[in-house]
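Hey, can you work out the whole structure from these sequences and the hints?
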Amino acid sequence: MDIVILSTLATPDAAGTVLPALDLLPHRSRCGKPDVSVLLSGPQADIVIVDARTDLADARSTCRVLRSTGLSIPLIAVLTEAGLAAVHSDWGVDDVIVSGAGPAEVEARLRLASGRSTTDNDSDRAAIRAGDLTIDPETYAAKLRGRPLDLTYKEFELLRYLAQHPGRVFSRDHLLREVWGYDYFGGTRTVDVHVRRLRAKLGSENESMIGTVRQVGYKFVSPPPKALPEDAPVPVER
3 MDIVILSTLA TPDAAGTVLP ALDLLPHRSR CGKPDVSVLL SGPQADIVIV DARTDLADAR
63 STCRVLRSTG LSIPLIAVLT EAGLAAVHSD WGVDDVIVSG AGPAEVEARL RLASGRSTTD
123 NDSDRAAIRA GDLTIDPETY AAKLRGRPLD LTYKEFELLR YLAQHPGRVF SRDHLLREVW
183 GYDYFGGTRT VDVHVRRLRA KLGSENESMI GTVRQVGYKF VSPPPKALPE DAPVPVER
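240 is the number that the working numbering gives the last residue of the sequence shown; the numbers go up by one with no jumps.
These are calculated hints, taken from the structure and not from any lab test.
Just so it is clear, the structure is predicted and the values come from calculations on it, not from any experiment.
Errors might be hidden in some of the hints.
List of simulated lysine to aspartate or glutamate pairs, EDC-like, C-alpha gap at most 20 Å [as the list claims (entries may be wrong)]:
#, residue 1, residue 2
1, K221, E180
2, K203, E107
3, K156, E140
4, K221, D97
5, K221, D175
6, K35, D4
7, K203, E159
Laid out in structure tokens, this is it:
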């Protein structure tokens, strides 16, 4: 497993300082400053570890920035026991590890994080079909009755996110965080504008796929199955 460690130490032996158990495990690791460019300047990593042992605010900011870039590999924060109380869901990490954890625990957490990420990525890449609408995350294309929809990147991401959770209601704040990222500073009106544009592009027959729940937010409404013509043969169960 290739592991990138982001730490202010950024020395060749930083891995053994940040998470000593790594020295006893058969993984390759490299260290760099807490900057997104580190991930782009070397080989593809399987897991990113952020050193959060000393500066919690800085580590939280780094994790949130990484998530806002669309990072698709597991993100783990290494903390002291005292620092565990400071970690919340808004960090965007997949797991946390105490710096003094033993090799068996570290190996198990790395393996589980990697496995969850693979499953989630496979799910994210699967085409979504709802009635006449098809959304293909692999090609960033959406089609309605086989005809391409001319969507901007954010319109596509918003439609995909809603369609991945049919029937579930999301607040504007939640959609803003998930689609635009933690560090987006615009207001929730942005969500309303994009929903309005999406409905216009879906057309009057399909705009109801994006439902409004008053004073709450929006949800994806799966269209009902099409009724069979009266003269169509009825399937016989065998």
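Which numbered hints fail: Hints 2, 4 not satisfied by this model.
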